[in-house]
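Start from chain X and add chain L according to the hints.
Protein sequences appear in the order of chains X and L.
The numbering of the first sequence is the UniProt record's numbering, which starts it at 1 and goes up by one.
The numbering of the second sequence is the UniProt record's numbering, which starts it at 1 and goes up by one.
Each hint should be verified, as a subset may be incorrect.
[Unchecked claim] Below, a list of computed lysine to any residue pairs in the SDA-like style, where the Cα atoms sit at most 20 Å apart:
hint, chain 1, residue 1, chain 2, residue 2
1, X, 268, L, 92
2, X, 268, L, 173
3, X, 268, L, 91
4, X, 268, L, 206
[What the hints assert, rightly or not] Computed list of chain L residues with no C-beta within reach of chain X, every gap over 12 Å:
hint, residue
5, 202
6, 205
7, 206
8, 239
9, 240
10, 257
11, 262
Keep in mind that the hints were calculated from the coordinates and are not lab data.
Heads up, the beta-carbon is just placed ideally off N, CA and C, and yes, glycines get one too.
The lines below spell out each chain.
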Amino acid sequence: MCGIVGLHLRDPELYPRLGRLLETMLRQVVERGPDSAGVAVYGDRRRCPRGHAAVSVLLGSAGGAPVDGEGTDPARAGLEAAVRAALPGSPELLVTAAGATTVVAAPVDVDTLVDAVRRAVPSALVVGSGRDLTVYKGIGDPVALAATYDLANAQGWQGLAHTRMATESAVNPEGCHPYAVGPDQCLVHNGSFANHATIRRELAAEGVRFDSENDSEVGARFVAAQLAQGADLDKALRLLCERFDGFYTLLVTSDDGFAVVRDAIACKPAIIAETPAWVAMASEFRALADLPGIDTARIYEPEPERVYAWRR
Amino acid sequence: MAPLSEEARARRSHATYGYEAGARGRRGEAETPSGGEAEVLSEPATVLAPAGTAERTVTFDLGVTTVRALNSELHAPTATSYEVLRPQGAHAIAAGVHAPLTIDVRGHAGYYCAGMNDGGLITVQGNVGTGVAENMMSGVVRVRGDASQSAGATAHGGLLVIEGSASMRCGISMKGVDIVVGGDIGPMSAFMAQAGRLVVCGDAGDGLGDSIYEARIYVRGTVAGLGADCVEKDLRAEHRAELAELLTAAGIDPVGEYAPERFRRYGSARRLYHFAAGNSAAY
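Excised from the complex, chain X in its bound form:
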């Protein structure tokens, strides 16, 4: 069991409230996944100013000592200077500490920043990157984690959160969702893939690298590979349904999209609500109950193996 919530805003007047709405939704799925929580926010200019790229990283090697939220960790202290030195022209960086996650933003392109972070701090694990996307991961109580992410004050046009009850791999920050393995892409998963090891081997043979033992990462890498080959979210998820066995409700987001799909048996829950101001998806209705305008929303459950996709 895991919990998923996602919110795609259509009405720009709601952008300043994205974090508050998402945090309220997250609180309702804590019971579904009390061991860790991850969040993705699109368009939070506090942390990724316009014209910048942002890279979200977990510092320290996998499974290493937890990092406190105040940025006093030596790896974090050295990060800024090292990344800056690794970037052409040594631009000013914006570095934000948020629990176990550090977000680094710079006025360069995404690949350049990712490459600089990897060279500057080889032990750092990149958990998200993009022109719009910031990702936060950590283990422990989801509500406490959301506070370390300062989720309630986040702004933006789209976001999602995942509460994890681990079944397929260890409880550690890198096993935490979302999996953001392509630029401005995110995937969160409730369920378990049955044939992920086979697909992992196939992707690895094609040169794809993995950051965790998590089955959901395989789904994210598969989707990223499809998107890189020119598929849109709808097509990528239809291909995923053909290739993956097991149980899944997935919420997948991109730099302009928001999509939901469930497996053929569809025993993992999902509910969608839509108004002219937003599209929301959650594991359970209670996560949607406090959204503005829910009383007049169109509320429905996604059907098995049908891709529901929205574009900005």
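Quick look at chain L alone, frame taken from chain X:
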């Protein structure tokens, strides 16, 4: 769907499906009283109230109090009528009711709403999550909106009315309950159904009645596909009669668009009752 029942109709359903009729939802015993509506309706509501309880409506606001407090009261009731405000999708609202209480839930409920109901007349003015009225024994549960998956799962008796649509696995392993759905039902409904009746005024999803034992299924619209060992059967006079009763109990006039003749009947071919080597692929 057709105009739905007034309180009077609900009470009549209650008399049919609740303690008073002694039916406890078992098939063949849940006849509508032959005296008709007037006789049943003339029963004062207090007949339904356990001795010593006051006839008043007690309100629980789940924005203020907990589901546990609500359910504790419902398990040792001090009234016969309850109203639940701001349910906000909470789980297990009015689960385990075992007295003929009238409970009105004013909003959307979460998982297992009215689970194990035994005699309650429970109405949800909204949608419900997974497993509404799961394992119901008797009583009436009415959902004015849509139901999520596994509505009425394993229920032994009583009447579950879903005025909207129900998603996957509606009536899974039903064991005697009557379920009437105003809209559609999702795939894999009535899976391994053992007894009871499922009436669908809309369409049914794929795999209807897979591995069914003995329940009777009536569908007015299309069936995307029948599951293993589920077949269409003749709609005979006795089936039209029971269909009219079920629709009436649910508050739907069994005339015109909703006339029993508009429905088709499905049930077990009984080919999976005993193991046969030739059927091994179907298990």
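The hints, checked one at a time:
no. : hint            : result
1   : 268/X <-> 92/L  : holds (19 Å)
2   : 268/X <-> 173/L : holds (19 Å)
3   : 268/X <-> 91/L  : holds (16 Å)
4   : 268/X <-> 206/L : holds (18 Å)
5   : 202             : holds (14 Å)
6   : 205             : violated (8 Å)
7   : 206             : violated (9 Å)
8   : 239             : holds (30 Å)
9   : 240             : holds (32 Å)
10  : 257             : holds (24 Å)
11  : 262             : holds (25 Å)
Against the hints set out earlier in the document, violations occur for numbers 6, 7.
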